[in-house]
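Enquirer: Chains as they are written, first to last, in the numbering used here: chain V, 189 to 596; chain U, 99 to 406.
Simulated from the structure, these hints should not be mistaken for laboratory data. Bear in mind the structure is a predicted one, so any value in this text is a computation, not a measurement. Be careful, since some hints might not be right.
[As the list claims (entries may be wrong)] Below 30 angstroms or equal to it, Euclidean Cα-Cα: the simulated DSS-like pairs (lysine-lysine) are:
(1) V:Lys442 - U:Lys248
(2) V:Lys284 - V:Lys592
(3) V:Lys236 - V:Lys529
(4) V:Lys331 - U:Lys254
(5) V:Lys355 - U:Lys254
(6) V:Lys527 - V:Lys314
(7) V:Lys461 - V:Lys442
(8) V:Lys418 - U:Lys248
(9) V:Lys336 - U:Lys254
(10) V:Lys496 - V:Lys315
(11) V:Lys336 - U:Lys248
(12) V:Lys514 - V:Lys494
(13) V:Lys527 - V:Lys538
(14) V:Lys592 - U:Lys180
(15) V:Lys461 - V:Lys538
(16) V:Lys355 - U:Lys248
(17) U:Lys254 - V:Lys418
(18) V:Lys226 - V:Lys461
(19) V:Lys243 - V:Lys225
(20) V:Lys398 - V:Lys279
(21) V:Lys538 - V:Lys514
(22) U:Lys206 - U:Lys297
(23) V:Lys315 - V:Lys226
(24) V:Lys527 - V:Lys496
(25) V:Lys492 - V:Lys236
(26) V:Lys442 - U:Lys254
(27) V:Lys243 - V:Lys285
(28) V:Lys514 - V:Lys226
(29) V:Lys236 - V:Lys225
(30) V:Lys236 - V:Lys527
[Claimed, not checked] According to the in silico footprint, chain U covers these stretches of chain V (three or more CB under 8 angstroms from chain U):
(31) 250 to 263
(32) 429 to 440
(33) 558 to 566
By construction, the Cβ of each residue, glycine as well, lies at the ideal position given by its N, Cα and C atoms.
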Amino acid sequence: MKVLSLIGIALAGITSTALAAGGELIINSMHSDPTSKKAFETILGDFKKEHADIKVTVNTIDHESYKVQIRTWLPNNPPDVATWFAGNRAKFFVEKKLVEPLDDVFSTTTGQFSEGAMAAISFNGKKYLMPTNYYHWGFYYRKDLFQKAGVAAPPKTWDELIAAAQKLRAAGIIPIAIGTKQAWPSAAWFDFINMRVNGYPFHMNLLSGKGNYSSPEVKKTMATWAQLVKVGGFPETAPAMTWQEASALLWQGKAAMYLMGNFISSEIPSSVKAQVEFFPFPIIDPKIPTAQVAPTDVYFIPAKAKNKANAKLFMTFLARADVQQKYNEVTGLLPVNNKAKIDVTNTFLKSGQQILGQASGLSQFFDRDAEPEVAKVGMDGFVEFMRYPERTDAILSRIENTRKRVHR
Amino acid sequence: MVGSLSFMQKRDHKTAWRFLAPSLILYGLYVIFPIFFSLYLSITQWDGVSAAVTPLCLDGETSCFQNFIDLWNDDVFWMSLKNNIAWLLFFSLSAPLGLALALLFHVKAKAANFYKSLLFMPMVFSLVVVGTIWSWFLQPEFGLVEFLLKGIGLLKEGENFTLMASDRWATAGLIAAASWPHAAYCMVLYLAGLSNLQKNVIEAAEIEGVSRWQLLWYIVLPMLRPATVIVVIVTMIGALRAFDLISIMTAGGPANSSNVLALYMYQQTFENFRYGYGAAISVVLFAISLLLILLYLRQTLKDETGRS
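Here chain U stands alone, though its shape is the one from the complex (with noise of 0.2 angstroms):
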């Protein structure tokens, strides 16, 4: 009996591992090796024609991590990399955008179905097209946004609205447009956790007479924590891989000033053809995203044991 238990077992395992396999090869080949190979490239100077790629020590440089030196120096990389950090503290704020929506159009009601799928909108949209819509928008001369603030007198018949054409600025707007897909994604994510929810505690907290906020403070944010672990890792990872709408909407412009890792890595690689100094800055992008995904299942797994 015993013994055939674990027979069963071992053609389970080998079972297992078959129909595993397809997705594992193909997870190796797409994920595991390129991660390997651009830490190997970033120790390169591979000009993408070459056909050998030898690491800079064997190459007659003194470092063999001449890329990350000159990353150290490189006024473009610290910019991008601030403009990350803008990223991660900014885009962070369509969460609660997106909590506040799914708290409000949680109803049994009609038209809050189509006002969700009105919100749900640009979520279907690929973010080229939406960078490409918040481009027109945020136009200087001939945008929706000019018109409008001419419309009701904040601009002067003579005066632009230069928001996009600002070194300073130029990042808050292009944050704007990413969040406004975002916050829809949040809002559904949210939406599923609150449709989850334990109905009998909510009623027995109303019962006992708790204010609206004490019930959201002390009852739902905790009953939808799963819902936000996951809004928290996505909004993060988006805020670290934001690319497509930047390459649209500014290019990194005006000269790097909204410029960010992934895609400062894209233009060194691919326009600059620098493999092995993109390389290097995707490493140091792919270590902040690892430092901080770790740190904060970190924290979360914590949390759940110390409350079971």
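Bound conformation, chain V alone (with noise of 0.2 angstroms):
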């Protein structure tokens, strides 16, 4: 009996050993904040129940500082996971060749992610990513003041857009909240815009430094948005204000409207709560199809990382419908994998899936899509804009020399 049970163990040891190495798994994460690490704690103590004999080590570390850091470690001494963004910012360390491939992982999923998800994820033609959640950008609006102007409906294209803004300024209300302290919330505007007016695969082509800033193409889009700066649609006090004192005016009935990612959805006062609706960003052109911003978060295995059996292991679990379901249940945002379910009375969640399910493309942001140098460039030249419409050409051609320089 006692040798039975002690070949019972070791064959138990054998089998385990032929499953999961055992060993370790480190993760770096950056998500810092109580939300998603709370969220990430709670699939973890999962994955630790499923695989017991992996000793896994999480270090949180906090988003800017991660931004910076990741340069010297995932070259040199990379953990076995990391988190990180889609897209091109993903992109430059895929060509340098520090991002393990999940092609494998991936084979077993299918049908699972939507074609829009997979393209923020493959780079020449291979899978690198795992997306776990994304979130959709849109309109914000108080249905209150768009009665007391007299807006009948939420507007459905950017000439309702420029004559609700009318209405409101002359009820004196500020059509538009917006604050370019940090200046990306300027960038969502460029994206919608040039997305409406110019397409999806044109901004992806212009963001990925193959295309032309000064072309008449851009010119059309930011004359488009000029008519909204010039008819009084953003506030005079913007520069001075960061995005959550922005949305104070929208709390505080100073202002109507306000494009944000829905991030922003989870704050709104119970106050106003009964007054904050969404609507997704007008057409602009009714010939173009209509692509959405959706800046999706995802893990990869680091090229160098020493532990990849049990990396793909962890990338697996991470694909599951039932994990990003647990795991967006807690952050509140959307899960990529289109087999979990989302919390269906949250009108905000469910306006975002119907609008990123329908979806022609999905960018990641203009500060993820482009270069870090010609988003910096770009950005402060988009506020510069707000407040100096006539300087477009000036603007436009430094965001292009910086292009050139940087795609040179």
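Since each chain sits alone in its own frame, please combine them into the complex, following the hints.
Expert: Below, the structure written as structure tokens:
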């Protein structure tokens, strides 16, 4: 009996080594805010239960430091799994051969990820990143202020948006809140208008560094945007406000609309919750297929990781619909695996799932799709443009010069 | 006798070097080496990831100084330099302000001590805290200054206090915020100087019947000279390395109109990952600081030797 049980234990040991090598799994994460940290810990607990023999270590580093430090540890001393962004920010590392392909992991997930999502994680025909969640962008608006200013329904076209802005201005309400103290909120406007005017392929090509910022197409984008600036669509105090301070304009009833990511929906104060609703960015040219902005969080395996077998196990785990569902029940974001269910009572999430599902393409946001340097010059230029739209040509040629230098 | 003295001296030297070694090593590692490494980086195009760091002219570029040529053509660089000059000019106003405060509170009274500690308070805060507080003060829509201006009728309902949103005036707001703790610092330096004044000279002057202004100009200020040297140097350095406050309050915006060299260097290096270009900016900043301080120190030393 004793001998048998000993054999049993030995066998169990052998089988578990056959399934998973035991050993270690080191994960570097930039999700340091309480919500995403908690979400990650929830699913990590499940992973540890399923693979009790793997010793998992998680290093959580704050977002901004992570973005700087990854350049030091990724080529030299990487963990087994790391968090990052989809799109061109990851492409930079993929091209430097610092990222392990994940095609074998995705071979078992056919039909669970949309084509748009796959496009954002594939480079040169190979899949490199595991997307776990994304979120949508669009307008958050005050129903009561629309009513007060006589705007009947949320604008569906650009002309309706301009008309709504004029009516709100006349009623003494700031039509659209924006805070550009950090320049990035201005870039959402460029992303959307450029995708609506020139289409998703043009936009992505431009941001990948192959297009020309001084081209007539981009000038048309800026001219469209200028229409809204000139009717007083935005507050003149924007450059002195952060995006959070600008959102206070909406909650206090001083501004009626706000183009933002859905992370804002969890911050709506309960006192105005009933008045705040969502509408997608209006159509500008009806001939252009509708694309959306949807920044996507991903996990990847560094090419020099030491425990790749365990890392692949973790990736297979992350791809699962039930895991993504559990993860995003905490984050409040949308799971990328389309078999994962969302909270249907949350109308913001529901609209998000709907517009992202129908989108012809998903962009990752200006500062992720463009090279960091072009993005910086671009976003500073957009802030200047929103104050001095007459300087369009000078601003665009500055961005174009930077693009030429970066992508020479 | 003579021989043993020189032996003692030798041994003393050795001991001195041993005591100096730890700080010299640290100084070399963290100050001297980075200076020369930055000089080297400024002629490369390192992105922070690539293993090899080669000078530009060995890397297919026509000139090793391409970064400096790019700087010359960079509007933001000139804007930052202009702002640094504005900082040098207007930030130094906190020195006379500090002197005035020191003269005002250089009395032995409990109340004076209370006010001194109140004024000294911002010195204790980190500049990040100072920046956050002033951002709130100067905030349009919700800020204290806008509230006060509306209270006294200088701003009408529906108007906003747009200082920090203006590409012309944001730097003024920044310098005002930075002067708050710095004037207190100057005050403390001058207070220390004032307590070391030779009382008999002042008493003699008072017996001779000089006016208060004459006393200040011809007697107190010259005697405060050592304090002034320190104040001018820390103010110059403070103006040139202004960074944390700007990063917190405007991040160089709107659209780089309040950027300065130190912050632009940081943005290029750690946000755009242009280590070479960032190093080139730091080399320029280093040259400016070195030049200003050398000029000032030379003048001061000349005056000192001229007088003695």
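Enquirer: None of the hints should be skipped; say for each whether it holds.
Expert: Evaluation of the provided hints:
{"no.": "1", "hint": "V:Lys442 - U:Lys248", "result": "holds (17 angstroms)"}
{"no.": "2", "hint": "V:Lys284 - V:Lys592", "result": "holds (21 angstroms)"}
{"no.": "3", "hint": "V:Lys236 - V:Lys529", "result": "holds (23 angstroms)"}
{"no.": "4", "hint": "V:Lys331 - U:Lys254", "result": "holds (28 angstroms)"}
{"no.": "5", "hint": "V:Lys355 - U:Lys254", "result": "holds (22 angstroms)"}
{"no.": "6", "hint": "V:Lys527 - V:Lys314", "result": "holds (23 angstroms)"}
{"no.": "7", "hint": "V:Lys461 - V:Lys442", "result": "holds (15 angstroms)"}
{"no.": "8", "hint": "V:Lys418 - U:Lys248", "result": "holds (27 angstroms)"}
{"no.": "9", "hint": "V:Lys336 - U:Lys254", "result": "holds (23 angstroms)"}
{"no.": "10", "hint": "V:Lys496 - V:Lys315", "result": "holds (16 angstroms)"}
{"no.": "11", "hint": "V:Lys336 - U:Lys248", "result": "holds (26 angstroms)"}
{"no.": "12", "hint": "V:Lys514 - V:Lys494", "result": "holds (28 angstroms)"}
{"no.": "13", "hint": "V:Lys527 - V:Lys538", "result": "holds (15 angstroms)"}
{"no.": "14", "hint": "V:Lys592 - U:Lys180", "result": "holds (27 angstroms)"}
{"no.": "15", "hint": "V:Lys461 - V:Lys538", "result": "holds (16 angstroms)"}
{"no.": "16", "hint": "V:Lys355 - U:Lys248", "result": "holds (27 angstroms)"}
{"no.": "17", "hint": "U:Lys254 - V:Lys418", "result": "holds (23 angstroms)"}
{"no.": "18", "hint": "V:Lys226 - V:Lys461", "result": "holds (25 angstroms)"}
{"no.": "19", "hint": "V:Lys243 - V:Lys225", "result": "holds (19 angstroms)"}
{"no.": "20", "hint": "V:Lys398 - V:Lys279", "result": "holds (15 angstroms)"}
{"no.": "21", "hint": "V:Lys538 - V:Lys514", "result": "holds (17 angstroms)"}
{"no.": "22", "hint": "U:Lys206 - U:Lys297", "result": "holds (15 angstroms)"}
{"no.": "23", "hint": "V:Lys315 - V:Lys226", "result": "holds (28 angstroms)"}
{"no.": "24", "hint": "V:Lys527 - V:Lys496", "result": "holds (27 angstroms)"}
{"no.": "25", "hint": "V:Lys492 - V:Lys236", "result": "holds (23 angstroms)"}
{"no.": "26", "hint": "V:Lys442 - U:Lys254", "result": "holds (16 angstroms)"}
{"no.": "27", "hint": "V:Lys243 - V:Lys285", "result": "holds (27 angstroms)"}
{"no.": "28", "hint": "V:Lys514 - V:Lys226", "result": "holds (11 angstroms)"}
{"no.": "29", "hint": "V:Lys236 - V:Lys225", "result": "holds (16 angstroms)"}
{"no.": "30", "hint": "V:Lys236 - V:Lys527", "result": "holds (23 angstroms)"}
{"no.": "31", "hint": "250 to 263", "result": "holds (count 5)"}
{"no.": "32", "hint": "429 to 440", "result": "holds (count 4)"}
{"no.": "33", "hint": "558 to 566", "result": "holds (count 3)"}
Hint violations for this structure: none, all hints satisfied.
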